[in-house]
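Student: The lines below spell out each chain.
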Amino acid sequence: MKRSDYQTEYKTDLPVMVTPLPKTGGSFRFTLKPWHGFVILMACLVSSGIAYAVTDKENASIFEVLVRWMPLLLKGFIFNLVISTCAMAIGTAVGAALGLGQISLHGWVRKASWLITQFFRNSPWLVLLFFAMFLLPFEITIGGLTIPLPDWVKAIIGLSLPVMANVSEIVRGAVLSLPSGQWEAAESLAYTRRQTLWLVILPQCVKRMLPPWMNLYAILTMATVLASIVGVSEVMTLTGQALSAEGGQTYWHRFTPLFYYCFSFTATRFHGGRYIWKRNILLSTKHCLRGP
Amino acid sequence: MTTNEEMPMVSIKDVHKSFGDLEVLKGVSMDINRGEVICIIGPSGSGKSTLIRCINALNDIQQGSILVEGQEVNDPNLDKLELRKKVGMVFQQYNLFPHKTALENIMMAPIRVLKQDKKEVEETARALIKKVRLEGKEDNYPGELSGGQQQRVAIARSLAMKPDVILFDEVTAALDPETVNEVLLTIKELAEEGMTCILVTHEMAFAREVADHIYFTDRGVIVEHGPPTTFFDEAKDPRTKEFLSQIL
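In order, the protein sequence lines correspond to chains A and B. Numbering follows my numbering, in which position 7 of the first sequence is assigned residue number 980; successive positions increment by one, without gaps. Numbering follows my numbering, in which position 245 of the second sequence is assigned residue number 273; successive positions increment by one, without gaps.
Okay, chain A solo, but in the shape it has when bound (with noise of 0.2 Å):
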């Protein structure tokens, strides 16, 4: 189709309004798709098999090693993941909070909250970590109950803090990015604010929040490495063990990077976001993914 028979479809000659043309022959477009795990995958045992081949140790071969090591590799992963699957989840719900907060009615929340926010916005998460490490006690005593308070448990309130200021200003910004109709509507229809917020404001935010909150929580899993520096036993701190133990190869640097390959990508790429809200609150999505 020519240019023209999209504009008399639509009966308009705005500049804007004209629906860009199909991508024909000969132009590329490159779009992400499982198999190229695989060849990421390939590429780092290929590369650690030449690394194998080019020092002359006689150890086991690389393939044993790494089989022999996998389960106790997986476990420190896993460990990982419950690491950022807790932070993120503790992270957004404070943050969703103090999100809240940035824009609340009284002058001393929203300016407390902005604070809070600004501060563990801006701080490298690895002080924040280090932040958590030393300044919580290792155990707590409420009334007359002690709760412990792990080395792990530590990571996590350390990583839940920059995650929490992040949702807290993603939260702020999908809200003031809402048309001011949206309020005046409610507001007119006599709702009150606590019931404009959660009726019809923020089930519109959430379609909104989705993608930065996906990239938020795929930035956070790989974070989770820092853990290793403050000595929890999570997957970095185990392959380490593994390369001292197996007399300093480096292909382990290589192969560790693949659990969290394949767990981001699987997440990003499959978030429940994508099916569930297809026809209600993505549906304008649909429509932008849609070609002409």
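These are calculated hints, taken from the structure and not from any lab test. Glycine is no exception: its CB is placed at the ideal position from the N, C-alpha and C atoms. Incorrect hints may appear among the rest.
[Unchecked claim] If you anchor each label on the Cβ, the simulated ranges turn out as follows:
(1) A:I1113 with B:L106: 45 to 51 Å
(2) A:L1108 with B:S93: 56 to 62 Å
(3) B:G164 with A:A1066: 39 to 45 Å
(4) B:P71 with A:I1076: 43 to 49 Å
(5) A:L1078 with B:E217: 36 to 42 Å
(6) A:P1185 with B:I275: 45 to 51 Å
(7) B:A155 with A:I1076: 47 to 53 Å
(8) B:L109 with A:G1116: 40 to 46 Å
[To be verified] The calculated DSS-like cross-link candidates involving lysine-lysine, where the alpha carbons are at most 27 Å apart (straight line), are:
(9) B:K41 with B:K143
(10) B:K158 with B:K41
(11) B:K143 with B:K158
(12) B:K114 with B:K264
(13) B:K165 with A:K1180
(14) A:K1180 with B:K128
Starting from the known structure of chain A, fit chain B onto it as the hints suggest.
Tutor: Showing chain B alone in chain A's frame:
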């Protein structure tokens, strides 16, 4: 609170409103009686929309008085929710809730705000959908409806609250000439049923047909007002004549 039939439904007296240094309303007064249809016309920026947004307290005023059924709107202790239950509003940009279907849009406020029974509300809502001639569109989302259809849902949504007066803020300005008529027809039916309507509009033919009284505003004051026949045919003020000559 008295609901005296003799008293004007909405009584606006010497209203002043500024946005910062910009004075938008410079002493506007008008009375709207129960069952009356009022059209406010005038050039852009003359304060028409601001004036009707003051009636349901979406905008506050600096000076003057607005009485809605005897209740003072320019009062710091005003119960805005009680006021807005009596005063409906329809917007230029429809402002439907895009995450709710047409029917849900209509049902939400009576259920959540007025705490009415869900079954009864649904019955009313379906009747309203029928009234605005949108049968079969109950389960469509606003994004799936045309502008005219969305605007009629918005009118039904406002009616579901059973308001005493409805404010229409340039409700046909965003529509194409064909769909304008379907919306105007709906408003006309409302007017004939005795609903008190305050319209800001650029549809002169429509204003002439349905309005009981026409107000012409320019630069924050009412230049001239009167019943449609006198207003359109025997305008006295030169500013009104100039405006009408450009539009008619």
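Student: The structure should be examined with respect to each hint, and the outcome stated for every one.
Tutor: Cross-check of the supplied hints:
| no. | hint | verdict |
| --- | --- | --- |
| 1 | A:I1113 with B:L106: 45 to 51 Å | 49 Å, holds |
| 2 | A:L1108 with B:S93: 56 to 62 Å | 59 Å, holds |
| 3 | B:G164 with A:A1066: 39 to 45 Å | 42 Å, holds |
| 4 | B:P71 with A:I1076: 43 to 49 Å | 36 Å, violated |
| 5 | A:L1078 with B:E217: 36 to 42 Å | 40 Å, holds |
| 6 | A:P1185 with B:I275: 45 to 51 Å | 48 Å, holds |
| 7 | B:A155 with A:I1076: 47 to 53 Å | 38 Å, violated |
| 8 | B:L109 with A:G1116: 40 to 46 Å | 43 Å, holds |
| 9 | B:K41 with B:K143 | 34 Å, violated |
| 10 | B:K158 with B:K41 | 38 Å, violated |
| 11 | B:K143 with B:K158 | 23 Å, holds |
| 12 | B:K114 with B:K264 | 36 Å, violated |
| 13 | B:K165 with A:K1180 | 24 Å, holds |
| 14 | A:K1180 with B:K128 | 14 Å, holds |
Checked against the numbered hints listed earlier, the structure breaks hints 4, 7, 9, 10 and 12; every other hint is satisfied.
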